[in-house]
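Using the sequences plus the hints, can you model the full thing?
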Amino acid sequence: MADLINFRLSKKANEVAELLATSGYFDFAVTAAKFALAYAIKYHFDEINPATYTPSDSDGSNYGIGSLDSDGQIAILLKAIYPDCTTPYLYARNLMVFGLLKIGERIENEGLKSISAFL
Amino acid sequence: MLRFISLTVEDFGPFKGSQTIDFTSDDGVTFIWGNNGRGKTTLLNIFRYAIYGKFQNRRGTNVNLTMLSNRESRSEGRYGFKVVLRMSYDGEIYELTRQFKLRTGVSRPTKNDDYEQTVYLKKGTAILSSEDTDHILKIIMPEQVARFFLFDGELLQEYEELLMEDSDTGAQIKKSIEEILGVPVLTNGATDTAAVLEAYTNAKTRTAQSNKQTEQLGSQIATLEAALQGHNAELERLREELTQELGRKSELESEQNQNEHVKALLAEMKALENSIAEKKARREGLLSDIKNTTKDAWKGLIGFRVNEILSDVEAEVKVLEDKENSQKVAQHFLKEMKEAASRKHCNLCDQDIDDALILKMEERIKALEGNYGGLTPEESGKLRTLQIRKATLETMRYPSSKERLEIYERQLAAVTVEISDDERKLKAVKEELEKHGDIEELSTSMQNCVKNLINCLKKIDNLKEGERQEAEQIANIRSSLATLNAKLDKTATGEDMVRARRRVELCEMIHNIFEEGIDAYRNNLKSRVEKDATDLFVRISNDPDYVRLEINDNYGLAIYHKDGGDPVPLRSAGFEHVVALALIGALHKNAPLRGPVIMDSPFGRLDPTHKENIIKVLPSLSEQVVLLAYTHEIDEQRARETLGSSLKKEYRLTRQTSFYTRIEPNQEVK
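Chains A and B, in that order, give the protein sequences.
Here the first sequence stands for residues 1 to 119, where the numbers follow this note's numbering.
Here the second sequence stands for residues 1 to 670, where the numbers follow this note's numbering.
Keep in mind that the hints were calculated from the coordinates and are not lab data.
Check before you lean on any hint, since a few could be wrong.
Stated by the list, open to error - Straight-line Cα separation of at most 27 Å, BS3-like style, residue types lysine-lysine; simulated pairs: (1) A:LYS79 with B:LYS299; (2) B:LYS123 with B:LYS82; (3) A:LYS79 with B:LYS390; (4) B:LYS280 with B:LYS295; (5) A:LYS113 with B:LYS279; (6) B:LYS291 with A:LYS113; (7) B:LYS280 with A:LYS113; (8) A:LYS11 with B:LYS295; (9) B:LYS616 with B:LYS648.
Unchecked claim - Stretches of chain A that chain B covers, calculated by requiring three or more beta carbons in the stretch to come under 8 Å of a beta carbon on chain B: (10) 23–35; (11) 39–45; (12) 80–89; (13) 113–119.
All values derive from a computational prediction rather than experimental measurement.
Glycine included, C-beta positions come from ideal geometry on N, C-alpha and C.
Encoded structure:
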């Protein structure tokens, strides 16, 4: 299966990414999405299988892989974490969407008072 | 006596809509409570405006009528304001209305000329003419004595000047004191008799001129009298001008003080704006630091999971590497065993091996070769993959950014709170500044004020010098006239001259009665004022060692200690207030003119005991006393207990919004 070259977040996940960026904690929404990917791996590793997870929609913004992973580190990381992974950017998109939704749930419950609380 | 019945204020200052304060017809005290910014001083100024039609704003004379209107009313399209003061005087009921409203055709005012003022005074139900209105108002509350009826702590402080020699303010206060005490009745008499005396003196001179015997002397006297008249007129002109200039100086000084206050507010505004800008820059810097940190925060986040996976991978690698290593060790051992079997000699123990053992060794070697067969090709491949994965994961063990971000966030929260505090302060300062009118024009206004004050002071110096020179000239002429008149009296023997001389002498005697009467009346008044002021002072001062006040020619009051000696030097600001209040009380007691006393926060620098003592004497100051005080300036409950039945009414100025204050009857009155 071919990996992604561009990707779209789900609408809801995109909203969370935009919220994080406009809050002043992140320079761009895609940086917030990358943060959410790591958040999903840290806190929800057993809840998501990025190989099979399917976002509810793809109505969010479109991003190029270059803007997400210009030095290829994300792909290397994901392959190291998921040894069977052959489509790291598909995994990345799924992990980002999942992580953003989880962060969104926390923001809804607790508000967005700090970003260090998510670390 | 003048007594206020009620005051209605409409859309003036913070008082939106139409609001009324009802006073009682009984003698006693009314309290109006209000915190800073709620409109106490505006209320005092509203009374002043109602009675005199003049404003005393914080910037002095340049009143912007639009700025005086209530801000919220303006935003609702209502411009202008109205004040109605109902009062009683000598058994008659008066209703005075002053109103500024927009001229026809103006919907949005840009200048004072866009307003027109309506003033009318009703006596009973009849509206008086403007001349009668002016006349009645001058009788019931002359402006010259306003300071004894409407005052605040700042004005009380001015009474200190009465103790100073050659103080302009002191001289003005003295004039006002004499005004309220009725001294002008006698001084006017003295002025009038002086005018009659001058007329008779002139008549005598004319008589002398018409007589051949005294013609020459008469002409000399006439010339000198004409010169004297000229100098007297000039002296009078200089005095009038000096009085005006002194008034102007006082206004300019007051404006200057207000400008200083505004200047301080502007400096505070600037400092707050700078502080906010600096803190916002700091906040931007912190946000930038946070953004830089969150760029790679994902790496720190995966650190935990990487370590966990890495430890699993390392375990798997270890199993395979152990298997690979044990095969290598076993290979070496087997090689040694095989060599020993083939040579039938063991190199390790250096002994020969018999054939029976060789057989056993060969069986053992065969078995061991099966046990230590090493990694299968699949296992070798897996090991290589795992080793690569392990190496990759090891490069991904980044430290967490949590601690660094927490520090930034704490700093960010602190600076955000500081900005919010500063912005709140800035808003309050701007609101305060707005009360002072157009800030943009302030700098020019301040420069003009300083310039005008300098010019005014120069002019006062010149006028005083002119006054001194004229007085000197007048004294010289009078001396020459006295000599010539003495010569004339000796020379002139005609009947007409004798009659003229007698008329002058009679007039001189009448004039002297007035002059002496003024001194006697003044001295009598002073001793009465001194006594009454001492009584009040002793009741207020709370110091048994301070036994009396002594009045000077300017009505300044010095405090004397029970041990006698010199007056108490270096009185505190608080004691100045006490002395000033004692003086005002004594003046009211001895003045033919009586009316309500309205005081705005006069307790500023007094301790609780003095405050309570002043509360005690309030009913002695006047039949009707209105006290404007901020909450906690005095203990409200204690004040009520102290005044007892003398406290007639209480109102509270309550905040509805920043620009809207309601005057409400105090609910806390028991």
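The hints, checked one at a time:
no.: 1; hint: A:LYS79 with B:LYS299; verdict: holds, 15 Å
no.: 2; hint: B:LYS123 with B:LYS82; verdict: holds, 19 Å
no.: 3; hint: A:LYS79 with B:LYS390; verdict: holds, 11 Å
no.: 4; hint: B:LYS280 with B:LYS295; verdict: holds, 22 Å
no.: 5; hint: A:LYS113 with B:LYS279; verdict: holds, 20 Å
no.: 6; hint: B:LYS291 with A:LYS113; verdict: holds, 15 Å
no.: 7; hint: B:LYS280 with A:LYS113; verdict: holds, 19 Å
no.: 8; hint: A:LYS11 with B:LYS295; verdict: holds, 23 Å
no.: 9; hint: B:LYS616 with B:LYS648; verdict: holds, 14 Å
no.: 10; hint: 23–35; verdict: holds (count 8)
no.: 11; hint: 39–45; verdict: holds (count 4)
no.: 12; hint: 80–89; verdict: holds (count 3)
no.: 13; hint: 113–119; verdict: holds (count 4)
In summary, this structure violates none of the numbered hints.
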